[in-house]
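Novice: Sequence:
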Amino acid sequence: MAQVFCIANQKGGVGKTTTTVNLAAALALRDRRVLLVDLDPQGNGTMGCGIDKREIECSVYQLLLGLKSFDDVVRRSETGGFDVLPANRELSGAEIELISIRERDQRLKKTLGPVMDRYDYILIDCPPSLSMLTLNALCFANGVIVPMQCEYFALEGLTDLVASIRRVHNEKNPGLRIISILRVMFDPRITLQQQVSEQLKKHFGDKVFNTIIPRNVRLAEAPSYGKPGVVYDRSSRGAMAYKAFADEIISRMEAKKTNG
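If you count by full-length UniProt numbering, then the sequence shown holds residues 1 to 260, one letter each, in order.
These aren't lab readings, by the way, just hints derived from the structure by calculation. Honestly, I wouldn't trust all of these hints.
Below are the PhoX-like pairs computed for lysine-lysine, each with C-alpha atoms no more than 20 Å apart in a straight line [stated by the list, open to error]:
1. K110 to K207
2. K68 to K109
3. K207 to K243
4. K172 to K109
5. K110 to K68
Derived DEER-like restraints, expressed as beta-carbon distance ranges [to be verified]:
6. Y152 to E57: 40 to 48 Å
7. I96 to N170: 21 to 29 Å
8. Q199 to R177: 15 to 23 Å
9. E57 to Q194: 46 to 54 Å
10. N170 to R237: 38 to 46 Å
11. S235 to E171: 42 to 50 Å
12. D72 to E171: 30 to 38 Å
13. S251 to V162: 19 to 27 Å
14. M1 to R166: 20 to 28 Å
15. E171 to N210: 18 to 26 Å
What you are looking at is a predicted structure, and each value in this text was computed from that prediction instead of being measured. Even for Gly, the Cβ is constructed at its ideal location relative to N, Cα and C.
Whenever a hint applies, use it, and build me the whole structure from the sequences.
Specialist: Take a look at the structure:
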């Protein structure tokens, strides 16, 4: 059965999509079977996988509403080597249409439950808000990966997100693990970032990944070529960091299985 992670942070511009796409590609390079679910109506994750969101005939929107099957919607990222449930602007309408559906926060779980054995990892790119789409991801996931910049306001937002995750854990999904934090766009020359990084390690301990993703131009360039950064320039600092991140994920998951 697949390990399901949602990549979430209600703050925009913190590298959620970059993290989701590059982690998916890095895991695929390690011969893991990966499904990326794009739950952001902006569809940036879809584009970053080399799939044109303007040309897809059906998306995760139709899947959530029960209008199409999984096999109708799923696409292959040829550049990344993993499967994708793509998104486009249609998905923004799901917020309203899900209101009238029974157990609306469980739609993603019910839809993807039957295909769990096809994959080793399912990664969900969430929109930058604590919306119904994000709630669907949290109700389905085993754990949450929070990409965050080491800045003061990021700490404030993290407190709200932790509270939301605990609420979902208590009321909706007892299998949801407490968050894991990935430090992204990190510049060691900035003293404040070093200080915030130390605060994170002090408060969250081993929930903070050892891997740190540096600020890297090659990662920013890659989406315009429809490729994950780890494929676009495999030797760049950003690509090497995301491959190390994938190795850390695999190591943690395998250690957990070994320990029962």
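Novice: Hints first: check each against the structure and report whether it holds.
Specialist: Hint check results:
1. A distance of roughly 28 Å separates the Cα atoms of K110 and K207; the hinted pair therefore is violated under the 20 Å criterion.
2. Distance restraint check for K68 and K109: the Cα-Cα separation of roughly 15 Å lies within the 20 Å cut-off, and the hinted pair is therefore satisfied.
3. The hinted pair formed by K207 and K243 meets the criterion: a straight-line CA distance of about 19 Å does not exceed 20 Å.
4. A hinted pair counts as satisfied when its Cα atoms are at most 20 Å apart, and K172 with K109 qualifies at roughly 12 Å.
5. Straight-line distance between C-alpha atoms of K110 and K68 comes to about 14 Å, which keeps the hinted pair within the 20 Å bound.
6. At roughly 45 Å, the beta carbons of Y152 and E57 sit within the given window of 40 to 48 Å.
7. Remark: the range hint 21 to 29 Å for I96 to N170 is upheld by a beta-carbon distance near 27 Å.
8. Against the hinted window of 15 to 23 Å, the Cβ-Cβ separation of Q199 and R177 comes to about 21 Å, which satisfies the hint.
9. The hinted window of 46 to 54 Å between E57 and Q194 holds, with their beta carbons roughly 48 Å apart.
10. In this structure the hint that N170 and R237 lie 38 to 46 Å apart at CB holds, the actual value being about 40 Å.
11. Range check, S235 to E171: about 46 Å between beta-carbon atoms, so the 42 to 50 Å window is met.
12. For D72 and E171, the Cβ-Cβ distance of about 32 Å falls inside the hinted range of 30 to 38 Å, so the restraint holds.
13. S251 and V162 have their C-beta atoms about 24 Å apart, which keeps the hinted 19 to 27 Å range intact.
14. The hint said 20 to 28 Å for the Cβ distance between M1 and R166, and at roughly 24 Å that hint holds.
15. For E171 and N210, the hinted distance range of 18 to 26 Å is not satisfied, since their beta carbons lie about 32 Å from each other.
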